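J.: Let the sequences and hints guide you as you build the complete structure.
So the sequences go chain by chain: A and B.
Residue 124 in the working numbering sits at position 124 of the first sequence; the count goes up by one each step and never skips.
Residue 585 in the working numbering sits at position 239 of the second sequence; the count goes up by one each step and never skips.
Derived from the structure by calculation, the hints contain no laboratory data.
These numbers were taken from a predicted model, which means no experiment stands behind them.
Among the hints, a few may not be true.
Label pairs and their calculated CB-CB ranges [stated by the list, open to error]:
1. A:LEU11 - B:GLY384: 49 to 59 Å
2. B:ARG472 - A:ARG178: 26 to 36 Å
3. A:GLU176 - B:ARG472: 28 to 38 Å
4. A:SER113 - B:ARG380: 17 to 27 Å
5. B:GLY358 - A:ALA128: 34 to 44 Å
6. A:GLU66 - B:ARG407: 35 to 45 Å
7. B:PHE548 - A:GLN175: 17 to 27 Å
Ideal Cβ placement from N, Cα and C applies to all residues, glycine included.
Letter by letter, the chains look like this.
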Amino acid sequence: MSVLIDIEKKLSGYDLKVNIEGDNEVTALLGASGCGKSMTLKCIAGIEKPDRGRIIADGRVLFDSEKHINVPPEKRNVGLMFQNYALFPNMTVRQNICAGARRKNSDRNVRCSKAEMYMDYFGIRDIADRLPKYISGGQQQRTALARILVSEPDILLLDEPFSALDSHLRFATEQEVRKVIREFGRTVIMVSHDRDEVFRMADRIAVINNGIIEKYASRDEVFRSPGTVNGAILTGCKNISPIKKIDERHILALDWNLLLETAEDVGNSAYAGIRMHYVNGSAPVNSYECVVTDVIENPFSYTVMLMAEGGSEKAFGWEMEKDKWRQIRGDRVMIHIPPESVLLLR
Amino acid sequence: MFPLLNSLRIAGISTVIILLTGIPAAYYIAKTPRVIKGVLDVILTLPLVLPPTVVGYLLLRVLGPKHAIGAWFLETFNVKLTMTWWSAIFATVVVIFPLMYRTARGAFEAFDETLAYAGRTLGLSRTYIFWRIRLPYCRQGILAGTVLAFARALGEYGATSMISGYTPGRTATISTTVYQLWRTNDDALAFRWVMVNLAISFVVLLAVNLLERKNSPSGKRRNRQSRAVTPAAGEIVRKEGD
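T.: Dropping the structure here:
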């Protein structure tokens, strides 16, 4: 099942311009809130109409502005799980799932047996006769997923699938959902602002900022080289500084007053990022003695704030395990930033 | 006993009529753009704030035997639209329509449209969504509107007396009977009918309260609906005081 999405839509504040493809894999749209992620999903599902472009699922045209095709949502065969799950409040868990089964099954008995099957699969048979408001968030999510999967969609869209859950529930739920969508085996497009979630779930990632896709690549590529300041922030890089280009392989990080060698050509990059956990040890290049300005204790690590000698403006963070810090603790430390850990950003 | 039966059947039939017209009106107007909505809203709500005598006058101008529709009916079907027991239905329908329309519209507007979208992405038809998701969601508001409208219909006096008149045993309702008895100094009997009316209104308003309270611990949604109902209830009380 291949999916092609190439749409444009004018929104208040920015223009949405999304161009992604999927082929039986999990694509994540990673972006801050209000960047157009959810709007993209709504356009694919047919709830919102793009101004221009086309959406094609396995050769079937769902939307084409030039040919004036706009298939209504009920005929698209695209399942969308809403952030708040949108379970029908007047129906029990079983009735909700039976309603989802209507798309593919006109026979009531078949619908019911399908629904039972999915309730077993999701382990929600014991709450089958309860109304959505009387079940937990995790159970609501499973009901919503069951209701969508029983409708056998060609594409599954997940809008911030875990944001409505308490943090302690998230991890377990995430594993379940991961298993479910692997077994679903078709194209999944999810939206999230959580880099850990996206890293664990997605094959490919599109970084969105103000409606524009800044980087669209495999998961590892996006995390290795996020490309833009926004992408670096979204993938969890906290040390970002404007730079001055010295030559193709050397930059001066202005905020930290650090002269750094890079692994790639600097080109016209204007910023650089350093991942906290890459900063470690000492080596011939990119090694500096730094002054410790602050030590922040996290549950399982320390974040040590450092400043280079010679009047840098801002400190940068360096995260390390507790044992490690206890060994090297002091007012000054040597750090080494491997050239390949310097992220060149636009 | 005739006035009681007559009042009940007029109120009953009127309520059924506004159920069938008020809900679709509310549904479609809740979806229309703001400007059109504003205008239609004013027109449909007008009978709620007009004195019933004004409504009666306007109805007579249309349905009276010497006026447009009334004359046509008299000529074509040999049916007089005024001064029969069922003429009062015209009056009560017009007067109570806004109550149904406004409460139902409030309920429809409180509906979480995400649910309809979710239904559509599941492949459910719009008809299914309307009957199985939207209406049940709005049930509480619609029920409350229905009961309020029925109560108001029972108490209708002004427009009813103008269009149906007062003929004992033929067009008399509780409210017109009370007026007539008071006018003819039959205080004891008037008081009895007053008590009958009070009892019915009490029961009906009690029913509204119970309907609103039912399921209310479940959350915000119910509260929002009951708030939509309360101003209308206040208006009735003021009207009956007129």
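J.: Which of the numbered hints above does this structure break?
T.: 1, 4, 6, 7
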